[in-house]
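We have chain F; now place chain A onto it with these hints.
Order-wise, the sequence lines are chains F and A.
The working numbering applies: residue 1 is where the first sequence begins, and numbers increase by one.
The working numbering applies: residue 1001 is where the second sequence begins, and numbers increase by one.
Honestly, the hints are just simulated from the structure, not real lab data.
Note that this is a predicted model, so its numbers are computed, not measured.
Among the clues, some could well be false.
[As the list claims (entries may be wrong)] Below are the DSS-like pairs computed for lysine-lysine, each with C-alpha atoms no more than 30 Å apart in a straight line:
1) A:Lys1176 <-> A:Lys1234
2) A:Lys1045 <-> F:Lys93
3) F:Lys295 <-> A:Lys1093
4) A:Lys1211 <-> A:Lys1201
5) A:Lys1295 <-> A:Lys1268
6) F:Lys268 <-> F:Lys295
There are 2 protein chains.
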Amino acid sequence: MENRELLGYSGALLIRDTIVNGVRGDIFIDDTGTIAGSGEGIARKYHNDADVTIDGNGSIAMPGLVNTHTHAAMTLLRGYADDMVLQDWLAQKIWPLEAHLTGNDVYWGTKLACLEMIKSGTTAFNDMYFFMEDAARAVDETGIRAVLSYGFIDLNLPDKRENECRATERLVTSIKSMNNSRIRAAVGPHAIYTVSPDGLKWCADYAASEKIGIHIHLSETEKEVHDCISQHGKRPSSHLDDCGILTPSTVAAHCCWLDEHECALMGKRNVNISHNPASNMKLATHRAMPYQLLKSSGANVCLGTDGCASNNNLDMFEEVKTAALLQKFFWNDPTVLPAPEALAMAGSNGARALGTGTGTLAPGAPADIILVSTMTACNTPLHNQTSNLVYACSGASVHTTICNGCVLMHERHVLNEEEILRGSADAAVQLVRRSSS
Amino acid sequence: MENRELLGYSGALLIRDTIVNGVRGDIFIDDTGTIAGSGEGIARKYHNDADVTIDGNGSIAMPGLVNTHTHAAMTLLRGYADDMVLQDWLAQKIWPLEAHLTGNDVYWGTKLACLEMIKSGTTAFNDMYFFMEDAARAVDETGIRAVLSYGFIDLNLPDKRENECRATERLVTSIKSMNNSRIRAAVGPHAIYTVSPDGLKWCADYAASEKIGIHIHLSETEKEVHDCISQHGKRPSSHLDDCGILTPSTVAAHCCWLDEHECALMGKRNVNISHNPASNMKLATHRAMPYQLLKSSGANVCLGTDGCASNNNLDMFEEVKTAALLQKFFWNDPTVLPAPEALAMAGSNGARALGTGTGTLAPGAPADIILVSTMTACNTPLHNQTSNLVYACSGASVHTTICNGCVLMHERHVLNEEEILRGSADAAVQLVRRSSS
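For reference, chain F alone in the conformation it holds in the complex (with noise of 0.2 Å):
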């Protein structure tokens, strides 16, 4: 088979040569889409059982990254405003942007983000945004995962509120009728500032009720703190406690703010913690994460990139980076965040927050694999893999890219993606002249 035809081939697959949990050896994916065996001798064990096969040429395989938090269409709004104080950003220029968004733009905009997560190792993402039926059709279509929330925002009005509860709803059921094991719903109530504490309630109660996830911004700015302490006369963390946001399958994004309290409230209710460095210093949040106290907390500590008006990519690999230098120099302290752990948090701890299976390469987990190259001069000398993907590699390294057993991108190429390209990019061009006109 050549080496573009096996874009989009699922079925029993055999990864000869490749580094696998530091030792050299090979994958064998069966034709469900899991892994059957990983490690020395797969390849003498399974070749008669692999209708293809492709040579990793020594790259160094790992679970594709999952990015916990983003806001995957907003790759439309890339560079259209920057280096602003957050609130004019905000007024000035994002939220009129978005005022003119439809549902056809969200499609391109998430083809798009689908298209780079590929193209930069990560197989799934954790998306809170608008018309997310369109953005489940692009997931639907690129062939990664997703788990997708509708951004619950009620600005304390009843009235909204029901529209909020029901739009939820819509998404939720149009979701489950896809019957897609690569995308589930979950519930997104935006933040504290933007939902009412009875919206919080029903999110909570709702996503308990149909056993899904809750995705929610906390603690971003200190202005949230400081707010939430005058409104509620609590922080914002117990806010949501009451509330019954805090649960296993939470994912809280940003959390820079979180003092020691609210730290060990996080580990006691095994919240997914999301930290986003690259906009978190982008838009001068001024503090980082405390992510030595939620780790020892034990909540589960994970990365996203946040959306691409804040970061501006979605770059996994960057981002790992980004984290483990902003944690060392924030906390005074070059030990931590040390490589693995920065890896773990956008690999095992990822998947394990999202659901989306064990992180690993163990046989048993999805396959969701991604091959690293080791002929480039990010991984010369390899004296260690994991420094390595840390701190040198970009996603740029990654070679191949498989999500659910198929090949998504093999030699850096993916298929259709000038067409994504060109559609994106003519939606981003419409978006903006219609705001403008």
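Then chain A, alone, in the frame of chain F:
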């Protein structure tokens, strides 16, 4: 001419259909390696003069980036030790390994560094290390520009000082005898805590007499400031100034802990400042270079990656983004270091610091040009080219690298890439073996 045959081509060259200073146009390079024309209509004007044409395919043309502070051969130590306290890291890992370094190691490490820079769009760098004649040989072969300095360290010992003076003179003589316009020498007093005042004064005098630059580390850590005050009764910049080190041809790296008076002094002396944000974050310097103060003082603020032991790559696109993010975060203002200023640090400011041309695409400038693909996710949409280059793209989006009119990379192919990767990987393995036997 086939695309791969373009590699190493040096002669009259037309680049068609590229974005030059925001406008669709072309660039014509004459056979001296100089830009003869750039902008709209250039293809029409020069098409009879071009022996060879490159189709830019709508890519963004920009001046090659300039890395103003690195230790190139430390690519061999990439990933050898991370996540350690500075003193342990140096004393237990880096210095013991460096004690076994040979000229052959530096040759291969510098080759690897040049390859990595070519592949990520850097066409000139400022280097300080040992066995610099071997570094010069590597730079000569790979085709980019460098300013090379021997790391002068006398540890306050008169005998050692004599030795360092002679080593410095030998390197300068050797590089001048190469008569290669791409390679120049500088004087490299390592830092105030490793070089005596007499050593610093000798370096200043010798640099002036040879009309060459100075490359030094300055105020990387708070300890350096405290030690300097207790030893010399003044802050590091005043000490350097008293030794004659602060000149318009001096590049001072790091500068994290400069106070307001020191920033003013840097402006007054027209010193070039190399900001190294990734290294500073990784090693937890706990303070970011005071960009606003330095900028308003009139100092020339540039960018550098530092060596691969503390970064761990040489991707200046990544470094530009890290600089913009760190400045905003540390100084608590998202408007600090906006994208155009960040890009200038990595380009024209760096070119001015090293004296390697204008850092522009204007006629008369040396043809140090990179083409950045627009058919990539990071440049889709293209609302704002500068924003995308700073916040979204990595060095991997560079498609073509030209230095001094010679095509060093095209369609991401570089001459002898595999040989360089294998040779340097082998040198690194042998070095670790020697040091542990």
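(request) Identify every previously stated hint that the structure contradicts and give their numbers, smallest first. (result) Going through the list in order, the structure violates hints 1 and 2 and respects the others.
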